[in-house]
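**Q** In case you want the letters, here they are:
Protein chains: 2
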Amino acid sequence: MAAGYVHLGSGAAPDPSSARATFELFVRTLPPRRNFLVAAGLEQALDFLENACFSAEEIDYLRGLPLFRHVSPRFFDYLARFRFTGDAWALPEGTIFFPEEPLLRITAPIAEAQIVETSLLSTLHFQTLIASKAVRLVSAAGGRPVIEFGSRRAHGSEAGVFAARAAFIGGCAGTSNTYAGHHFGIPVYGTQAHSWIMGHDDEAEAFRNFLEIFPEDATLLVDTYDVRVAVEKIIALGRAPRGVRLDSGDILADSIWVRERLDRAGWNGVQIFASGDLDEDRIASLLEDGARLDAFGVGTSLVTSADAPHLNVIYKLVEVERGGQVRGTLKLSEAKKTYPGRKQVFRISDAEGTFSGDIIGLDDESFPGAQPLLIPILRGGKRLELPASEPSAAVRAARERLLSARERLPARLLSLEPAAEPFPVRHSARLEALFEQVRRTLVQSRRI
Amino acid sequence: MAAGYVHLGSGAAPDPSSARATFELFVRTLPPRRNFLVAAGLEQALDFLENACFSAEEIDYLRGLPLFRHVSPRFFDYLARFRFTGDAWALPEGTIFFPEEPLLRITAPIAEAQIVETSLLSTLHFQTLIASKAVRLVSAAGGRPVIEFGSRRAHGSEAGVFAARAAFIGGCAGTSNTYAGHHFGIPVYGTQAHSWIMGHDDEAEAFRNFLEIFPEDATLLVDTYDVRVAVEKIIALGRAPRGVRLDSGDILADSIWVRERLDRAGWNGVQIFASGDLDEDRIASLLEDGARLDAFGVGTSLVTSADAPHLNVIYKLVEVERGGQVRGTLKLSEAKKTYPGRKQVFRISDAEGTFSGDIIGLDDESFPGAQPLLIPILRGGKRLELPASEPSAAVRAARERLLSARERLPARLLSLEPAAEPFPVRHSARLEALFEQVRRTLVQSRRI
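For the protein sequence lines, the chains are A and B, in the order given. Numbering of the first sequence is given in this note's numbering, commencing with residue 1 and proceeding in unit increments. Numbering of the second sequence is given in this note's numbering, commencing with residue 1 and proceeding in unit increments.
Quick caveat, the hints were computed from the structure, so don't treat them as lab data. Treat each hint with caution, since some may be false.
As the list claims (entries may be wrong) - Which chain B residues face chain A? A few, computed with CB under 7 Å, are given here:
#, residue
1, His7
2, Arg83
3, His182
4, Gln192
5, Gly269
6, Gln444
Claimed, not checked - Computed beta-carbon distance windows for the label pairs:
#, chain 1, residue 1, chain 2, residue 2, range
7, A, Cys53, B, Gly323, 41 to 47 Å
8, A, Gln437, B, Ala52, 45 to 51 Å
9, B, Gly290, A, Ile375, 34 to 40 Å
10, B, Arg81, A, Ala80, 50 to 56 Å
11, B, Gly185, A, Pro368, 55 to 61 Å
Unchecked claim - Among the chain A residues that face chain B by a calculated CB cut under 7 Å, a handful are:
#, residue
12, Leu8
13, Gly9
14, Leu67
15, Ser151
16, His155
17, Ile213
18, Asp217
19, Thr224
20, Arg228
21, Thr300
22, His310
23, Val320
24, Glu321
25, Gly323
26, Thr329
27, Phe367
By construction, the Cβ of each residue, glycine as well, lies at the ideal position given by its N, Cα and C atoms.
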């Protein structure tokens, strides 16, 4: 499509007659068991917008595709000079948001806005998906730390790193991914695997060696052969580990037995850590049944958002400006209707500070006492704020934003099940009127 | 754990007394609706093994972690020199395989084998997951092309690229991801989005412009406002597109109406392309109900393997060799039992060439007429075969391997539903005997 726009002349960025388009990126509907979503991935989206370009080799590849045989050579020159020159507004990372509320709004020459679509979607989609899952696990654990452990089952190495980042924003206490620890300043946690035990000729020796190397940090894995035998061996060593880990079997019964046995040994401070195919439901039911657990390691279900492995996220054209004329755009397809115009999200709180409802309005509207959530972040292709001196500062700020917003959500939304009464989100009267006006114009002009 | 091994002295690669460990990477169980899996991602796993190393900055980060404060400085020197020096056997990409059959077997100094674990798992897991989903979509489409369209909903940009690669290995006809097209020689397909239509003042003009730029390749999207009105507009233009695309609404009824209308216009060759939240069940039911569709674009459900977004893939220590002594290792945890020893997978075919069963045996076994599936691919950290001169050759070979293996599968396994009789896979008598022997030794030595 970008080739098409440039071919038609509307994509030539320096041409003042270019159409400028506004696209909004939003989630159409909540997955079945989510009451809200958590925005994440914006830093990476901005890095992409500031740095996107095409190499000569890439352009040669595209030029050679039969698909492009009739496209004007101007397109390949355009790609060679391509930089994103547009403006962007976005929800800060860690913001709680709802369907139809724009996460990101891009205004740019239409070909540029089109070229960046797929990367923006995949970047914001994935981290938002994982942050929105993490917050559920953190809720289920009721204040006990949840550690992200899932790199090996993430959808590739890059997904493992960004899952760790998004999980931390969503409230997890840390990650086992040292790359994410390094690049985003996320606390890292290690543990021993079954192979450490199996690699030793003797289980007790495996425990002793690990305790010697990591005297303050050793979490010993006790389920390789027999949990209770393993715990007796550790107690016999006479040196308290930081914790023991249950990764399989009857975690409920074992945790109760292990707690009692550790306490009897005077090791009240030794933590019991659970892992092994956990998700928020399993954590909640273990705790409800009285499991004696102090922390959780969650992998697969978190990094793949297993119960809802994708969001219905889209990037829709909402406005076109050509030769000074602004025209709102919309889509009428059955069940896929969209609203025209540049939008803002206004959040209303009650007297106690609890969020009571959102209004999706036009960006020049205002509502008394309501907080506009989208902020300007990029102008003419450049960040309005310099990137935080360390990426870790952005991540910490996002996590704080989420954790304090979570306190202000109506309690019913924190349930793992769908809230009987969803969070109220409405479109402003002006937005509804604009929709009607654009629809009528389309019908009257016989465009549809 | 690597720090632990090096600290203990067993990880120093040049030290002949180092423990050499054999790990096997396999899938424990099939997801509920899979009858077989398709190996994919090996090329990327080998690239990783040949190139893995630690930068000075990464090592400084690790050195600074409180976790490592008691670890011998030898460990950081070890990381600075780290290269993978081990051997590997693997199933070639495109091989059909079953639970408990090793996809990859690594033999290396134990610290090395441990360091590469997470990347190997995430690389092979993801592409195997997607190739195994793609083959279902291709089956459902019954010979009609399926195009991978999902980059925007993949778990990040890297996942989008490797999903395209794995989908092609699994039998898809191409991708909309041009990066994957470029790097792996996968056929690329473009289409127009709703924004192309909405960006024009007039829908007919949007169609005309697209046809002018892509006269042989234009697939026109007809559901932005009203499918039937859009098709009439295209026919009125008098220039046949390659195809039209239905992305929402009642695809069954619309496809029948559109086919009839196009045929009436004499456009029997114009294809009808369907997309929009498709999966294998939806494709199968559309075709069963008589939808007139020629090709499918599948995004989200394919690139996230939405009905089964992860495999139960693990990397288990099966053998340790220390000072010339070889010891099989196993894990007895409830429901997570593993078999010791270096394994090979033997595939048996009947007189017609149809696969009739697999035997998981020890690597020095042989079974008359059975084909051993694991082949040696890396020795001393180097590939035994040079990488294909172009990555596209490896991808094409994998796709061919899958498509011809698929012909040899018992027909019941190609159903979208679980086969009443799964593919028979058994452990060899020698492997069962080794399991018993190792278990007895562990019990007798009171290790467990």
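**Q** Next step is simple, just say for each hint if it's right about the structure.
**A** Quick rundown of the hints versus the structure:
{"no.": "1", "hint": "His7", "result": "5 Å, holds"}
{"no.": "2", "hint": "Arg83", "result": "18 Å, violated"}
{"no.": "3", "hint": "His182", "result": "4 Å, holds"}
{"no.": "4", "hint": "Gln192", "result": "6 Å, holds"}
{"no.": "5", "hint": "Gly269", "result": "18 Å, violated"}
{"no.": "6", "hint": "Gln444", "result": "13 Å, violated"}
{"no.": "7", "hint": "Cys53/A <-> Gly323/B: 41 to 47 Å", "result": "56 Å, violated"}
{"no.": "8", "hint": "Gln437/A <-> Ala52/B: 45 to 51 Å", "result": "59 Å, violated"}
{"no.": "9", "hint": "Gly290/B <-> Ile375/A: 34 to 40 Å", "result": "51 Å, violated"}
{"no.": "10", "hint": "Arg81/B <-> Ala80/A: 50 to 56 Å", "result": "42 Å, violated"}
{"no.": "11", "hint": "Gly185/B <-> Pro368/A: 55 to 61 Å", "result": "59 Å, holds"}
{"no.": "12", "hint": "Leu8", "result": "6 Å, holds"}
{"no.": "13", "hint": "Gly9", "result": "11 Å, violated"}
{"no.": "14", "hint": "Leu67", "result": "5 Å, holds"}
{"no.": "15", "hint": "Ser151", "result": "5 Å, holds"}
{"no.": "16", "hint": "His155", "result": "4 Å, holds"}
{"no.": "17", "hint": "Ile213", "result": "5 Å, holds"}
{"no.": "18", "hint": "Asp217", "result": "5 Å, holds"}
{"no.": "19", "hint": "Thr224", "result": "6 Å, holds"}
{"no.": "20", "hint": "Arg228", "result": "11 Å, violated"}
{"no.": "21", "hint": "Thr300", "result": "5 Å, holds"}
{"no.": "22", "hint": "His310", "result": "5 Å, holds"}
{"no.": "23", "hint": "Val320", "result": "6 Å, holds"}
{"no.": "24", "hint": "Glu321", "result": "11 Å, violated"}
{"no.": "25", "hint": "Gly323", "result": "11 Å, violated"}
{"no.": "26", "hint": "Thr329", "result": "4 Å, holds"}
{"no.": "27", "hint": "Phe367", "result": "28 Å, violated"}
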